[in-house]
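Chains as they are written, first to last, in our numbering: chain R, 1 to 297; chain E, 1 to 293; chain P, 1 to 258.
Simulated from the structure, these hints should not be mistaken for lab results.
A hint or two may mislead.
[Said to hold, decoys possible] The following residues of chain R were derived to be distant from chain P, with all beta-carbon distances above 12 Å: (1) D2; (2) L72; (3) K85; (4) L119; (5) I143; (6) F169; (7) L265.
[Stated by the list, open to error] Chain E stretches covered by chain R per the calculated footprint, using a threshold of three residues with CB under 8 Å from any CB of chain R: (8) 33-45; (9) 83-95; (10) 111-123; (11) 268-274; (12) 277-283.
[To be verified] In silico DSBU-like pairs for lysine-lysine, Cα to Cα no more than 35 Å straight-line: (13) K89(E) <-> K92(P); (14) K54(P) <-> K2(P); (15) K119(P) <-> K279(R); (16) K122(P) <-> K278(R); (17) K278(R) <-> K126(P).
In this text, all values refer to a predicted model and were calculated from it rather than measured experimentally.
Beta carbons are placed, not taken as given, at the ideal position from N, Cα and C, and that holds for glycine.
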Amino acid sequence: MDWFYIKGILILSGINLMAVLGLSLLTGFTGLFSFGHAGFMAIGAYVTAMGTVKLGLPFAAALLLGAAGAALASFFIGRITLNLKGDYFCIATLGFGEAIRLILDNVQYFGGARGWPNLPRSTNFTIVVILNIIGIIILANLINSRHGRNFKAIREEELASQTIGINVFRYKMTALMISAAYAGVAGGLLGHYLGFLQPKMFQFIKSTELTITVIFGGLGSISGSVIGALVLTSLPELLRTFAIWRLVVYGAAVVFIMISRPQGLMGGYEIPVGKIFKKLFSRFAYGKKQAVGGGKQ
Amino acid sequence: MSGFLQQLINGLSIGSVYALMAVGYSLVYSIMNFSNFAHGGVIMIGSYIGFFAMTAFKMPFATAFCTAALGTGLLAVLIERIAYSPLRKRNAPFLYFIISAMGVSIFLENIIIASPIGPTFRTYPRVFGAEPFVVAGVNIGRLDVMMFVISTLSLIILVFIIEKTRTGMGIRASAYNLRASALMGVNTDRIILIVFGLGGLLAGIAGVLFGMKYTVYPQIGNITLKSFIAAVFGGLGSLPGAVIGSILLGIIETFTSGYLSSQFRDLIAFVLLIFILVVRPRGLMGKITEEKA
Amino acid sequence: MKLLQLKNVTKQFGGLMAVDNVSFDVERGSIFGLIGPNGAGKTTIFNLITGIYKVTEGEILFEGIETNSMQPYRVAELGITRTFQNIRLFKKLTTYENILTACHYNVRYGLVDAVLRNKRFKAEEKGLLAHAEELMNIMGLEDRRDVIAGNLPYGLQRRLEIARALALRPKLLLLDEPAAGMNPDETARLMTLIKEIRDRFNLTVLVIEHHMDLIMGVCERIVVLNFGKKLAEGTAGEVQANPKVIEAYLGEEEVVVC
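So here's chain R without its partners, still in its complex pose (with noise of 0.2 Å):
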């Protein structure tokens, strides 16, 4: 196993962590579940391609276009579903998210249902880990503020959260449109990685795999969703050697976490990383005291 080929899966596992994250913060923070986020990958994707290929703009802001074009389509989307009760917006969703991908099997511009190839590979390593740390860091930013525990109030109880003047609706659509922002960026990635697009890269099972994923981590909890996609990326990939089982494998062992662990992972719990920085800084700090004092306390 070369360092060319970890670093690939670290790279997909990135990718999908951009998504998940996003996600997290629909399902995990606000209580809201979707069957639809291959779709706004998918838009992400698209629009991201059309930006480098059609419009020849930079990637960077190509993805930001991405983003946009997927929270935009998340907007409309949101207007007519939101007000629906739980199960119903994710059916909903699931409609969105399969009809986005019908649509683009027939948009001949994009190359239809055979595909867009030969995009620039303009996604590398650097890229994916800077732009999770920043997913990372506005996520965590958000959920420590008064908007974050709003989300919270409303996945706890919906109509306490009215009573105590949140809007509702609004919360879940800004939930709902930087959820789809993320998914947008990872489509853009993921595009721009692999050099090209087709519309079945973004079927139903990859709105559930995302789904999974954020629960297998951890409902609640963005450290979670971390480890989640990292391990549910790379596993896979690394058990290539299982080849044609390990997607059976990967099913049994839904069912199996489902019905012994569904707290998943973490729990609702955070590694408290900024502890442990502080922790390990001061430690470091105090060692060189120590060090200059020469001696033993």
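Position chains E and P against the provided structure of chain R, taking the given hints into account.
Chains E and P only, in chain R's frame:
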């Protein structure tokens, strides 16, 4: 005019098979309030059982047909025991059921691909003869007629069970209020198993018919998503709704591919889904549920 | 001065008249009681006032502003908030987080401020934390600060729900059966608490209750409902002496209580 009738009959026949599948979704939804996405996998397995019973085991059609139905009935019950009943005991939210169902569906699809059966497309042997009936200048395929007849008969038997038997009363009571039924002495655990068994039986029948009409392949379950749409269209949880929704969807689909373009056939189903959810989320005949403040 | 006015309010669910032509005024600064047998329409009136249900006919005025067509969150912004009969806390959040979440309404920093962690965010967030701490202390919940709300004992859950409501700095507080499930001792303490918070926060309180001791003990004015209709209105003494009330409600209630 004869073209129109032709399309209508095609639509009816495919719609009636959708109805068999949609009823399975709706039965489970009516009692457990979640969308059982493993149903597509069960239908796919039914299609394979029927196929191999007829080809590898040289069974006559009727025997193969019953074997498939019984096989999937058992499979559906097994799935309930393994993948849902632990969640039920814990009162898990509906999403966990859906995810668990997805897991089952991924498992079933890929175990077929990974097994010696493999991902190849297989064609059922011809059972009902090739030349169509000709009525008033319209060609009616024998298979289409049989699909419609078998589906309708199955649905009538199902309605009889639900409306006229003691068990059926238990099912209706549980659909109305599962917890209250349990308190009133209905063995809801048994009812749930029966509901999955019934859904499974119908899934097997639908699988065989579907396989005969098209081909058999591991991703057949994805197409059954459309019967789920039909169930939503008719109103999740309502059996008459599922049937009407399915027939309508079948007809709309055949007309779309007949008069517009076959590429829009799949799209129209999803557009319809979104439309109905926006305009009337409880579907044509679904029950109204309102949260009490 | 009238804070809240209900004018000929009617609410119909299909064929059922849940609230039938009810009118009453609530004076600013008063503690106002709403009583009646089960199904008399008390909670429905709360749902109408807070905008969860829309009135079929009539109007509801708060400080002279019609609230009929407002979304619940808009009504909350006007200064009306409530507790629920079947406690609705943010169950998986801690006591502190429950109160802190409800404080949100007093600050205005936006999403971008939150992401950038700028000065405005830090200053306003600091204010929120202080406000939440203060409320927790006033309500005597400080020793349960980090307990998950769903794990609090019943009485404290009710108390926390009131604390969360107070975090909005409301003008009108609606309490839906705050003493349900409490023993006489706890009920007595709740009575004192209601009076205390009224004085301390300049509140007007509208309370639904089945505990007659509590209602008669704290309410300055009482409306009696039966089958969605207003049966009587007056002070505790007047209502108790009203023969219609005795016949329709208090007599019946005695039987139920025993």
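To see whether the hints hold, each was checked on the structure:
Listed as a non-interface residue, D2(R) keeps its Cβ farther than 12 Å from every Cβ of chain P; the least gap is roughly 38 Å. For L72(R), the requirement that its beta carbon stay farther than 12 Å from each beta carbon of chain P is met, with the minimum near 17 Å. Consistency note on K85(R): stated as away from chain P, and its beta-carbon is indeed over 12 Å from all of that chain's, at 16 Å minimum. The claim that L119(R) lies off the interface holds: its Cβ sits roughly 30 Å from the closest Cβ of chain P, which is beyond the 12 Å cut-off.
Not every beta carbon of chain P lies more than 12 Å from that of I143(R), the smallest distance being close to 9 Å; the non-interface claim is violated. Under the 12 Å C-beta cut-off, the non-interface status given to F169(R) relative to chain P is violated; the minimum distance is some 8 Å. With a minimum CB-CB distance of about 17 Å to chain P, L265(R) clears the 12 Å threshold, and the non-interface call stands. Figure legend: the region 33-45 of chain E, annotated as covered by chain R; annotation consistent (3 residues with Cβ-Cβ distances under 8 Å, at least 3 required).
Counting residues of the region 83-95 of chain E whose beta carbon lies closer than 8 Å to any beta carbon of chain R gives 7, which meets the minimum of three for the stated coverage. Using a Cβ-Cβ cut-off of 8 Å, 3 residues of the region 111-123 of chain E lie near chain R, which meets the minimum of three, so the contact claim holds. Proximity of the region 268-274 of chain E to chain R, defined as three or more residues with a beta carbon under 8 Å from a beta carbon of that chain, is established by the 4 residues found. Check result for the region 277-283 of chain E against chain R: holds, 3 residues qualifying (beta carbon to beta carbon below 8 Å, three or more required).
Simply put, K89(E) and K92(P) have alpha-carbon atoms about 21 Å apart, close enough for the 35 Å limit, and the pair holds. Pair hint K54(P) plus K2(P) holds up; C-alpha atoms about 22 Å apart against a cutoff of 35 Å. Among the hinted pairs, K119(P) with K279(R) is consistent with the structure: their alpha-carbon atoms are about 26 Å apart, no more than 35 Å. For the proposed pair K122(P) and K278(R), the alpha carbon gap of about 20 Å is at most 35 Å, so the pair holds.
A distance of roughly 22 Å separates the Cα atoms of K278(R) and K126(P); the hinted pair therefore holds under the 35 Å criterion.
In summary, the structure is inconsistent with hints 5, 6 from the numbered list given earlier, while agreeing with the others.
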